[in-house]
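A.B. asks: Sequence:
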Amino acid sequence: MLSFSRFSLVSWLSAACGILPLAGSQTVDKETVATDYHALIEAQRIFAAYGGKHSVKESFSKYLAAAYLFRDDKFVLGGPFYAAQSERPGRLTWRPTYARIAASGSWGITTGPVEFHPNSAAEPPVGYGNFVTLWQKTTAGTWQATYDGGISYTTPAVAVEIVHPKTFPAKLQAAADTVALRNSLQEAEAAFATRAQTSLQQAYVPVLPKAGSELRLLREEAVPYVGAAAQRLASESRQAVLFRPFQTSVAPSGELGYTLGYLDFQQQRGHYLRVWQREGQQWKLALELLAAKLK
Numbered sequence: 001m002l003s004f005s006r007f008s009l010v011s012w013l014s015a016a017c018g019i020l021p022l023a024g025s026q027t028v029d030k031e032t033v034a035t036d037y038h039a040l041i042e043a044q045r046i047f048a049a050y051g052g053k054h055s056v057k058e059s060f061s062k063y064l065a066a067a068y069l070f071r072d073d074k075f076v077l078g079g080p081f082y083a084a085q086s087e088r089p090g091r092l093t094w095r096p097t098y099a100r101i102a103a104s105g106s107w108g109i110t111t112g113p114v115e116f117h118p119n120s121a122a123e124p125p126v127g128y129g130n131f132v133t134l135w136q137k138t139t140a141g142t143w144q145a146t147y148d149g150g151i152s153y154t155t156p157a158v159a160v161e162i163v164h165p166k167t168f169p170a171k172l173q174a175a176a177d178t179v180a181l182r183n184s185l186q187e188a189e190a191a192f193a194t195r196a197q198t199s200l201q202q203a204y205v206p207v208l209p210k211a212g213s214e215l216r217l218l219r220e221e222a223v224p225y226v227g228a229a230a231q232r233l234a235s236e237s238r239q240a241v242l243f244r245p246f247q248t249s250v251a252p253s254g255e256l257g258y259t260l261g262y263l264d265f266q267q268q269r270g271h272y273l274r275v276w277q278r279e280g281q282q283w284k285l286a287l288e289l290l291a292a293k294l295k
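Counting from 1, one number per residue, gives the positions in the sequence shown under my numbering.
In short, the hints are calculated from the structure, not lab data.
Each residue gets a CB set at the ideal place from its N, CA and C atoms; glycine is no exception.
Treat the hints with care, as some may be off.
What the hints assert, rightly or not - Straight-line alpha carbon distances no greater than 27 Å define the calculated DSS-like cross-link-like pairs of lysine-lysine that follow:
{"hint": "1", "residue 1": "166", "residue 2": "210"}
{"hint": "2", "residue 1": "137", "residue 2": "57"}
{"hint": "3", "residue 1": "295", "residue 2": "74"}
{"hint": "4", "residue 1": "62", "residue 2": "137"}
{"hint": "5", "residue 1": "137", "residue 2": "74"}
{"hint": "6", "residue 1": "53", "residue 2": "137"}
{"hint": "7", "residue 1": "74", "residue 2": "62"}
{"hint": "8", "residue 1": "74", "residue 2": "57"}
{"hint": "9", "residue 1": "284", "residue 2": "166"}
{"hint": "10", "residue 1": "295", "residue 2": "284"}
{"hint": "11", "residue 1": "137", "residue 2": "166"}
{"hint": "12", "residue 1": "293", "residue 2": "74"}
{"hint": "13", "residue 1": "137", "residue 2": "284"}
{"hint": "14", "residue 1": "284", "residue 2": "210"}
To be verified - Pair by pair, the computed Cβ-Cβ distance ranges are:
{"hint": "15", "residue 1": "126", "residue 2": "239", "range": "24 to 34 Å"}
{"hint": "16", "residue 1": "246", "residue 2": "167", "range": "28 to 38 Å"}
{"hint": "17", "residue 1": "235", "residue 2": "86", "range": "42 to 52 Å"}
{"hint": "18", "residue 1": "31", "residue 2": "86", "range": "39 to 49 Å"}
{"hint": "19", "residue 1": "281", "residue 2": "118", "range": "43 to 53 Å"}
{"hint": "20", "residue 1": "280", "residue 2": "167", "range": "14 to 24 Å"}
Working from the sequences, and respecting the hints, build out all of it.
C.D. replies: Have a look at this one:
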């Protein structure tokens with residue numbers, strides 16, 4: 001989860017697309033995704049409660065076994081990675097302060113602050129950061145993490161409570177044409193990466209969401225930028241960054257997706273996550289995590 005990926009304290013602080021076809025007409029059930037949303041948050045809270053009482057090795061082995069993590073300059077699955085790790089002192093504590101779920105009710109994201117404690121969770125924290133976890137439902141209907149990462153910073157973020165949506169969309173029962181949508185998202189990501197070789201500012205221009213959207217930008221050594229602050233950061237980011245995609249996925253309902261990959265900036269190797277949302281006919285940015293020092 002953090003550059004220390006809820007662990008870049010892992011060395012303890014070292015730790016535009018056109019209209020696309022759908023697969024048949026999408027049928028809408030009267031049921032909303034509210035139940036799925038709250039179950040998603042509960043899955044993160046259960047993970048966090050376990051992590052506060054157990055070591056990083058034990059808790060991450062249990063809950064991130066099938067999730068991609070960025071370790072040693074590459075993406076690895078949590079299960080095999082932590083099986084090979086030795087136990088280390090320290091506890092991580094965290095909580096979700098934002099969550100979003102797809103209209104399918106089977107794909108979601110959680111994010112929030114993390115603190116690292118040198119021995120037990122009862123001790124004062126010595127490191128801070130923010131995690132992002134991607135989730136999807138298994139065939140058994142339980143939530144399973146598919147990616148976990150984050151950023152670190154030196155001072156605690158202002159404590160906030162999670163604000164739940166006032167209304168939830170109806171659950172879509174028919175799947176979108178995820179093959180076509182995935183292809184279009186790959187094209188949007190490739191165009192973003194091309195522009196970013198000149199500057200991030202240019203890369204952002206066509207993909208920023210409409211005003212008032214809760215855009216989230218996560219950067220190393222800074223608390224997350226949200227809303228207007230994120231829009232300002234995007235307009236001021238003049239760094240040229242090289243992005244290379246690793247994985248692209250789209251929710252079954254088709255309105256949310258993500259791209260995950262490697263980034264290179266001034267001889268640094270890091271990784272990135274971009275969560276995308278469809279606005280009309282185009283993919284727009286909803287959340288971005290750049291796990292590298294861009295200053």
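A.B. asks: Are there hints from earlier that the structure breaks, and if so, what are their numbers?
C.D. replies: none
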